[in-house]
Amino acid sequence: MSIQTRNQLIDLLLSLRQRLLDAREKNDKTQLSYLKITFGTLVEAAYTVEDKALVAILVDLEDAARDSITGVDWKSSIPSIEVIEKSCV
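Counting in this note's numbering, the final residue of the sequence shown is number 91, and the numbers go up one at a time with none missing.
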């Protein structure tokens, strides 16, 4: 993966992570639902290219969106910025 592609992927994941945090804080179920769908679609794409680190991050983000929708946001964890940056190598 080129450095430019890696940086774009990190920027995308960090942006989606921030949107998830904002939606959780506002308890915005509509935005959380959209994010869950987005993460699910990206998980499928990551499985296609067999990127296990990316799959793990996206599954965590998808789980966090789902758990926030159902009111148990404490159940899942959102990957840290550092984890996202380190996994996209």
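Treat the hints with care, since some could be wrong.
Distance condition first, Cα-Cα at most 30 Å in a straight line; then the derived DSS-like pairs of lysine-lysine [to be verified]:
#1 K31 with K77
#2 K38 with K54
#3 K88 with K38
#4 K38 with K77
#5 K77 with K88
#6 K54 with K77
#7 K54 with K88
#8 K28 with K88
#9 K38 with K28
#10 K77 with K28
#11 K31 with K54
Calculated directly from the structure, the hints in this document are not laboratory data.
Being a predicted model, the structure only gives us computed values, none of them experimental.
Structure-based check of all given hints:
A hinted pair counts as satisfied when its Cα atoms are at most 30 Å apart, and K31 with K77 qualifies at roughly 17 Å. A hinted pair counts as satisfied when its Cα atoms are at most 30 Å apart, and K38 with K54 qualifies at roughly 19 Å. Simply put, K88 and K38 have alpha-carbon atoms about 23 Å apart, close enough for the 30 Å limit, and the pair holds. For the suggested pair K38 and K77, the alpha carbons sit about 15 Å apart, so the restraint of at most 30 Å is met.
Proposed proximity of K77 and K88 is supported: the alpha carbons are some 24 Å apart, at most 30 Å. With a C-alpha separation of about 22 Å, the suggested pair K54 and K77 falls inside the 30 Å cut-off, and the hint holds. The straight-line distance between the Cα atoms of K54 and K88 is roughly 13 Å, inside the 30 Å bound, and the hint therefore holds. With a CA separation close to 29 Å, the supplied pair K28 and K88 stays within the 30 Å bound.
This hinted pair checks out: K38 and K28 have alpha carbons roughly 16 Å apart, not beyond 30 Å. Our distance criterion of 30 Å between C-alpha atoms is met by K77 and K28, whose separation comes to about 18 Å. Distance hint between K31 and K54 is fulfilled; the C-alpha atoms sit about 29 Å from each other, no more than 30 Å.
In terms of the numbered hints stated before, the structure departs from none.
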